[in-house]
Amino acid sequence: MSPALERVDVVVVGSGAAGAAVAWSLADRGAKVVCLEQGDWVRPESMPSSRTDFEVSQRRGPDTLFPSLRKRPEDYPIVTEGGLRPDQVLMFNGVGGTTVHWEGHFPRMHPSDFRVRSRDGVADDWPIRYEDLERYYDLNDRHIGVSGLAGDPANPPRAPRPTPPLPLGARGRAVARGFEKLGWHWWPSDNAILSRDYDGRKGCDFRGRCNFGCARRAKASTDVTYWPKAIRGGVLLRTWARAREITVDERGRARGVLYHDRSGRTIEQLARVVVVCANGIGTPRLLLHSRSRLFPDGLANSSGQVGRNYMAHPSRYVEGVFPERIDGHVGVTSNPLFSHQFYETDTSRGFVRGYSLVVYGPMGPLSQAWGDVEPVPWGEAHHREMRRRWGHTVGIAVMAEDLPEETNRVTLDAEAKDSSGIPAARVRYAFSENSLRMLEHGARAARQALEAAGAAQVRDTGAPNVFAHLMGTARMGGDPRRSVVDAWNRAHDVPNLFVVDGSSFTTAAAVNPTSTIGALALRAADGIWEGRRDWI
Amino acid sequence: MNRKEFLTLVGRSALFAAAAPALEAVGDAAPRPAKPALAPAQRTTLEALAAEIIPAAEGMPSAAEMGAAAYLERAAARDETVASALRDAFASIEKRTRARQGPDFARLPAPARVALLQAMEKDEADRFRAARDLVYEAYYTNPLVWQRLGYDFIGPDSSGPPLEPFEEALLERVRALPRLYRAVP
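Keeping their order, the protein sequence lines are chains A and B. Take any residue in the first sequence, note its place counting from 1, add 56, and you have its number in the numbering used here. Take any residue in the second sequence, note its place counting from 1, add 2, and you have its number in the numbering used here.
Read the hints as simulated data drawn from the structure, not as lab findings. These numbers were taken from a predicted model, which means no experiment stands behind them. Be aware that a few hints might be false.
[Claimed, not checked] Sample of chain A residues at the chain B side, in silico, Cβ under 8 angstroms: (1) S168; (2) W243; (3) K258.
All residues carry an ideal CB built from backbone N, CA and C; glycine is no exception.
Throw the hints in and build the complete structure from the sequences for me.
This is the structure we're talking about:
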């Protein structure tokens with residue numbers, strides 16, 4: 057029998073974009089909240105961006121973004137199949153979750169993204185609308201200190217952004233020139249990166265290397281945004297606490313969370329409400345591992361949908377080399393601007409749904425030499441070609457909406473286990489024909505834009521990749537037979553269990569998910585608080 | 003002394019090779035391994051390999067001059083994936099050199115070394131790519147190379163370059179576009 061800790065109001069599993077927001081919101085209103093985080097605090101100064109070998113972390117070592125290559129004690133193994141590679145699954149386990157390593161692009165979904173079935177006849181509608189999330193998007197934006205500009209005709213009107221848009225830099229201006237020439241839509245991006253001092257944090261000073269850690273704390277990882285406030289509000293954040301199982305009582309209600317502490321002890325944290333925010337892979341892994349007499353197929357899984365419909369945002373990358381110097385590595389790592397020219401469905405293009413075009417550049421000299429599209433040749437021609445590309449390269453990534461498919465899924469691996477003996481996650485993912493057609497269209501569009509911008513040479517990877525956003529594996533829906541959680545992120549099968557992260561997405565849209573994850577988390581917290589009389 | 007001052011100081015020296023050990027310490031605080039990761043013959047092969055992957059040209063030094071072999075030896079001592087990639091490369095190079103019945107790789111004339119590496123690239127693409135990328139890594143994590151290339155690494159105590167604020171006038175055309183998102187009843 058594992059020791060049980062005193063019952064609290066709410067136990068949250070995971071401290072990333074969702075867990076931090078839920079914990080802050082509930083504690084702010086007086087709930088007693090414990091958060092279990094399997095990793096530790098990470099000082100931004102200790103991250104690779106402060107080191108000269110920062111680019112090596114793209115491929116190996118304890119700071120790489122890919123847990124299967126990183127293999128820290130707090131990571132769990134992820135077995136991939138269906139063509140997915142280990143370096144196509146990205147997450148971070150520590151306070152702040154994957155926001156510690158993200159680039160900070162912060163777009164919102166469009167209204168039509170919530171009505172995919174009724175507008176386009178594919179996938180499913182969400183049980184909520186854009187308008188249901190709008191005020192939570194706004195609230196989350198204020199916590200994050202989003203930089204950007206209201207007034208984009210490709211998105212619904214929104215409140216003035218808390219901080220002004222980030223500079224475009226030479227690379228952004230070059231790409232904007234291409235969009236202008238073609239008469240296409242573009243707009244400065246909403247970014248979770250401060251463009252000026254805000255809420256006790258400093259504005260960005262354009263060091264770059266954002267996803268390798270922001271020592272200035274201008275990038276809004278939740279360890280520097282929500283967590284200081286949540287802890288002041290009384291949340292007990294327990295690090296090195298790896299959730300093993302959600303326990304249930306004889307009535308089938310969640311009783312708490314069984315977890316391992318750093319010394320390997322197994323402890324049960326009792327709670328009136330359990331909120332799982334462990335990301336689109338960690339969440340289904342935990343639910344599937346929480347088997348019991350009442351829930352033999354895993355918790356909240358009467359629909360059989362837990363782990364299914366994994367979506368990751370398929371991508372293609374197209375790169376242009378310009379005659380003039382555009383310093384693609386200067387400024388924020390990703391995305392000073394974006395285009396939603398091809399976002400909404402137009403079936404004459406040969407696919408349903410759409411994609412975003414987002415702007416990137418090489419992170420540094422080593423990334424340039426390794427080549428996002430094609431390496432700089434070795435040998436005699438090396439320096440000549442490096443000089444031609446370095447400082448002259450900018451890329452456009454196509455971010456496509458992948459539709460939910462039951463065969464793209466997360467399961468428990470039969471053999472591999474983490475250091476606590478919990479089965480590894482096995483992730484299967486394959487590109488659909490619709491996704492491949494969309495990427496092909498997007499790659500042509502990106503090429504067109506770069507050529508219009510004046511690129512002397514344009515190269516395309518030619519191969520699909522993924523953005524490694526983790527979505528869809530505990531989907532939201534109105535029908536308990538076809539979904540895992542309801543419109544308030546409450547599990548259909550377990551009334552005091554909530555799933556609040558990318559896994560609850562019904563569909564993926566074609567924008568980065570974190571803004572929507574944060575908004576859903578704040579909304580779910582409202583729902584949990586409003587239902588507190590039922591906590592018992 | 004901040005990083006920029008340090009780089010300026012070091013950059014005044016034309017003696018790349020002599021400066022390399024000091025620079026390695028900038029990005030690589032790990033202690034030097036007690037036991038060398040490479041045998042002397044392997045180190046010689048690695049230096050020759052580095053010299054051909056990134057030769058001196060266009061005013062830039064070669065990877066060998068910049069201490070690539072020493073960097074990779076330290077990396078191999080710390081990281082088995084590096085050690086394994088180097089072992090694979092050495093095995094391939096040795097096999098191919100032996101097949102030629104000529105001298106060791108390092109003693110081959112440069113055109114013969116290049117031809118051997120081109121054959122390796124063609125026949126064992128993954129193995130070659132891994133070795134090539136490690137030489138690139140050794141070279142392009144070296145601040146002296148950055149200085150020559152015009153890359154200004156902004157360290158934790160420095161600010162990045164000033165950038166012009168966003169100009170809203172650039173959006174004049176886009177602002178006038180009709181609504182692009184679909185309304186949902």
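Hints versus structure:
no.: 1; hint: S168; verdict: holds (4 angstroms)
no.: 2; hint: W243; verdict: holds (7 angstroms)
no.: 3; hint: K258; verdict: violated (10 angstroms)
Consistency note: the structure conflicts with earlier hint 3 alone.
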